[in-house]
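Undergrad: Model the full structure from these sequences, guided by the hints.
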Amino acid sequence: MSGAITLERILALQAAYIRCIDNNALESWPDFFHDSCLYVVTSAENHKNGFEGGIIYADTKGMLIDRIAALRQANVYEKQSYRHILGLPHILKNGGDTAESETPFLVVRVMHDGETSIFATGVYHDTTRAVGDDLKFSKRLVVCDSSRVDTLMALPL
Amino acid sequence: MSGAITLERILALQAAYIRCIDNNALESWPDFFHDSCLYVVTSAENHKNGFEGGIIYADTKGMLIDRIAALRQANVYEKQSYRHILGLPHILKNGGDTAESETPFLVVRVMHDGETSIFATGVYHDTTRAVGDDLKFSKRLVVCDSSRVDTLMALPL
Amino acid sequence: MSGAITLERILALQAAYIRCIDNNALESWPDFFHDSCLYVVTSAENHKNGFEGGIIYADTKGMLIDRIAALRQANVYEKQSYRHILGLPHILKNGGDTAESETPFLVVRVMHDGETSIFATGVYHDTTRAVGDDLKFSKRLVVCDSSRVDTLMALPL
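Quick note, the sequences are listed as chains A, B and C, same order.
Following the working numbering, the numbering of the first sequence begins with 1 at its first residue and continues without gaps.
Following the working numbering, the numbering of the second sequence begins with 1 at its first residue and continues without gaps.
Following the working numbering, the numbering of the third sequence begins with 1 at its first residue and continues without gaps.
Be a bit skeptical, because a hint or two may be false.
Said to hold, decoys possible - Dumping the calculated DSBU-like pairs for lysine-lysine here, alpha-carbon to alpha-carbon at most 35 Å:
no.: 1; chain 1: C; residue 1: Lys48; chain 2: A; residue 2: Lys61
no.: 2; chain 1: B; residue 1: Lys93; chain 2: C; residue 2: Lys48
no.: 3; chain 1: C; residue 1: Lys93; chain 2: B; residue 2: Lys93
no.: 4; chain 1: C; residue 1: Lys61; chain 2: B; residue 2: Lys48
no.: 5; chain 1: A; residue 1: Lys93; chain 2: C; residue 2: Lys93
no.: 6; chain 1: C; residue 1: Lys48; chain 2: A; residue 2: Lys136
no.: 7; chain 1: C; residue 1: Lys93; chain 2: C; residue 2: Lys48
no.: 8; chain 1: B; residue 1: Lys139; chain 2: A; residue 2: Lys93
no.: 9; chain 1: C; residue 1: Lys136; chain 2: A; residue 2: Lys61
no.: 10; chain 1: A; residue 1: Lys93; chain 2: B; residue 2: Lys48
no.: 11; chain 1: C; residue 1: Lys79; chain 2: A; residue 2: Lys136
no.: 12; chain 1: B; residue 1: Lys79; chain 2: B; residue 2: Lys61
no.: 13; chain 1: B; residue 1: Lys93; chain 2: A; residue 2: Lys93
no.: 14; chain 1: B; residue 1: Lys139; chain 2: C; residue 2: Lys93
no.: 15; chain 1: A; residue 1: Lys139; chain 2: A; residue 2: Lys79
no.: 16; chain 1: B; residue 1: Lys61; chain 2: B; residue 2: Lys48
no.: 17; chain 1: A; residue 1: Lys48; chain 2: B; residue 2: Lys79
no.: 18; chain 1: C; residue 1: Lys139; chain 2: C; residue 2: Lys48
no.: 19; chain 1: B; residue 1: Lys136; chain 2: A; residue 2: Lys136
no.: 20; chain 1: B; residue 1: Lys136; chain 2: A; residue 2: Lys139
no.: 21; chain 1: C; residue 1: Lys93; chain 2: A; residue 2: Lys139
no.: 22; chain 1: B; residue 1: Lys93; chain 2: C; residue 2: Lys139
no.: 23; chain 1: B; residue 1: Lys136; chain 2: A; residue 2: Lys48
no.: 24; chain 1: A; residue 1: Lys93; chain 2: B; residue 2: Lys79
no.: 25; chain 1: B; residue 1: Lys61; chain 2: B; residue 2: Lys139
no.: 26; chain 1: C; residue 1: Lys79; chain 2: B; residue 2: Lys93
In case anyone wonders, no lab produced these hints; they're calculated from the structure.
TA: Shown next as structure tokens:
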């Protein structure tokens, strides 16, 4: 799978990313990003209005590592799990070693007692860059449909 | 991507279609159809009973354009957004320049206050036809699982 | 599509499998499995704790056929339908004629009156084996996120 970025490689990256989160292997999550990267969680309304900030903002892989460490320490939440379901990616640009794509997502939260509800929906706006066989995110903008995004999120999106 | 229809081209078409709707770029929606086309929204029960009509019925691209114009004028709905999540397409027939496929869908509605609920589920029964690099729908039958389909839909499915 | 297992073949198998169930063509469902197979429905908690049993356990195709016969006889449920939405498969190993993959799923239940709710979420842990053009499951472990799995399930997962 070295060389040019293909739809198949993007599908594989997206599937591996959510598997990492839903398996609660959060310590491996930053490895999906290049050292210099942009990871932002924001709302559709903020995004439409051109606000560059977000509910969560990180522009190095180190900040993502710190975030996971903080989540692990602070996590006093009720036991729960998440299930990401991704729709089909739409590739906007593919320059061979860098591509831009958008992928819709739906996240379901399952509480310990089995109660199941929709936690978030939205679109990943991604820039991926391949270095040989390695395809990683240089930018992931998580645009949530709802403005009521939980700022104390117990997991990354 | 010219020549024969492939799974990859069908995936790309499906992803572009829902992106158009969920981005509220409805004026571009009719361009996903050939001039002579069939677009029907119906319920699983009607479909099973062989009724050819539907909640929404259009058999030219011009009718789809009219429908969007009407939606834009009539739209007095509460501010809301939709998120389509598509499952994996199942290709029933692929004759090279014409293909039949079925793709499951789930549509989530997000109200302005953030309330999120399942709006519709069902299957797209599609016939797609390629003219050179252009792959478009010659037929899209939207079969909703529930018989309670909102006839005043604020968006196409 | 003979020869080695590809992502495209796995996508096609997954799409055909849920189409069979959601079309209520349950008599064809066992044909997605090899004669010698393992089909288990269990919860994430049981799975994590290494319990090999499950809510449903079958280790031959004959047991799957029996299960459908029993479902058809016992089915006194309210009229309802299901809609499976699958996420993107993650391929863990691909040895050419045998592959291991994980695919997230979401199942929505639609009651006769139109009431729609999330019925189950989880991950399919699959081993697929190709015999010529035929790709089938030799193992499908259905790991449900919730521990409240309905043991009287009116359909297979």
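Undergrad: In ascending order, which of the hints set out earlier in this document are inconsistent with the structure?
TA: Numbers 2, 9, 10, 11 and 14 - these are the hints that the structure violates, sorted from lowest upward.
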